[in-house]
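Participant: Sequence:
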Amino acid sequence: MTAPKLTTALQAALERIVGTDAVITDPVQLLAYDCDAYTIEKALPTVVVLPQTTEQVAEIVRLANREGLPVVPRGAGTGLSGGALAVNGGIVLVTSRMDKIVWVDTRNRRLRAQAGAVNFRLSKAVQSEGLHFAPDPSSQGACTIGGNVAENSGGPHTLKYGVTVNHVTGLQVVLPDGAVVELGGVEDEPFGYDLVGLLIGSEGTLAIVTEVTVRLTPNPQTVRTLLAVFETLEDASQTVSDIIASGIVPAALELMDALTLQAVEAAFGYGFPLDAEAVLLIELDGLEAGIDHEVEQVVAICQRNRAREVRRATTTQERAQLWAARKKAIGALGRLAPSCVTQDGVIPRSKLPKVLRAAAQIAAKYELRLANVFHAGDGNLHPVLLFDDSDPEQVARVVAAGEEILALCLREGGSLTGEHGIGTEKCTMMHHMFTTQDLDTMKRLKTVFNPHERLNPEKMFPDSRYCYESKHALRRAAVGL
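This note's numbering puts the first residue of the sequence shown at 1190, with every later residue one more than the last.
Please note: incorrect hints may appear among the correct ones.
Unchecked claim - Distance condition first, Cα-Cα at most 30 Å in a straight line; then the derived DSSO-like pairs of lysine-lysine: (1) Lys1516 <-> Lys1289; (2) Lys1635 <-> Lys1231; (3) Lys1349 <-> Lys1313; (4) Lys1516 <-> Lys1540; (5) Lys1632 <-> Lys1231; (6) Lys1313 <-> Lys1289; (7) Lys1517 <-> Lys1543; (8) Lys1517 <-> Lys1313; (9) Lys1231 <-> Lys1554.
Stated by the list, open to error - If you anchor each label on the Cβ, the simulated ranges turn out as follows: (10) Gln1550 <-> Ala1513: 28 to 34 Å; (11) Asp1366 <-> Glu1507: 49 to 55 Å; (12) Gly1374 <-> Thr1209: 32 to 38 Å.
It is worth saying that the hints were derived from the structure and are not from the lab.
In this text, all values refer to a predicted model and were calculated from it rather than measured experimentally.
Note that CB positions come from ideal geometry on N, CA and C, so glycine has one too.
Let the hints inform the model, and build the full structure from the sequences given.
Facilitator: What follows is the structure in structure tokens.
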């Protein structure tokens, strides 16, 4: 499909809605919106608009309908599955200027924010009240709440506290026909059909989220943060299973392997051991009474699995450094290669040792370096494939290796994604996880909301033209595969 052209009339109409400074048409500036953080696939939008209100979003959508243009919603562009890719050109609608905290109700532990509000700002707005917004993606300093809703994002602390869907009670959305609708509200449980739950994780294919009402969580009375150092990846991953099997549910349980540690230490110099094969970042929180007993139990489990040492953060600064290292780990890997693709498969915790070994073998087969930094506690793997995206042959090998790793996760009883979504990256894999009947049901549901396929088109489903053609082209480019 040929991307639509930008006409003078269309540009003028968009400028009347949002102002001239909120319409981007310059080809060089448009390059900043040709992909999200999944940089393998790129497509140039026809035009980018940056509204500030729900009504402006609705007007843009109505205009797009009259002009027959696709609309692709985008937050901060930190998504990792091509969900914000303008595969057919059209209008990329960026919510980053819709960044207001609309209201805060600390008594009832609720907060309302526009979709472009950065995740971290929600917690900062209620920090003085002893509250926070629990879902904490590693990109929380940049990603937006609207994007979190679109992908049902998680993060390290969602092991104990749950993912985005567990902390959103209401949404304001613009439907593909331009209608503005309120879903849910401030109550704990929705009345009737759970349309809020339906929209969360729908990746912008059903509606454009403009405002979000979230549930706030009290800060824990106390926190203990540990770093366990292991000689082997197998010992570290076995420790994860043993901790959960003991009945202890940490607030977070994160694993970083040797390659990740090397990158993090080179970037920040936090004193991580460079001769270890893996470390576990373990955080326990809750009431002061009894937490030290849990810590001792966890330390004992680590030692039974041959942990070389278990460090304890004794100050707020030490804890902050450990978490800074974890949350900046993917960025630090940029020291090791020009590009990376971060996968997002999920497996049962008990399969961690087996799957990590097999994933390493897949990477070796395709002559790629693999780093691991992931949410070990809930089995949400983030294997990071390092490569040079200026080399088409390397790109093809990365795509092939990524699909094999995801197929491995499915064979072991897991799923294609824990929090990054399907987008364009994993669309060809959907038929491996779902039956034809399952996929047809999903597509019929999408048609109810998005009958003309104008809102974020050609995402998620394996029979979309773009999905089929782009993936097969990448496979054909792979030499010797």
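Participant: Which of the stated hints cannot be reconciled with the structure, identified by number in ascending sequence?
Facilitator: Those not satisfied: there are none.
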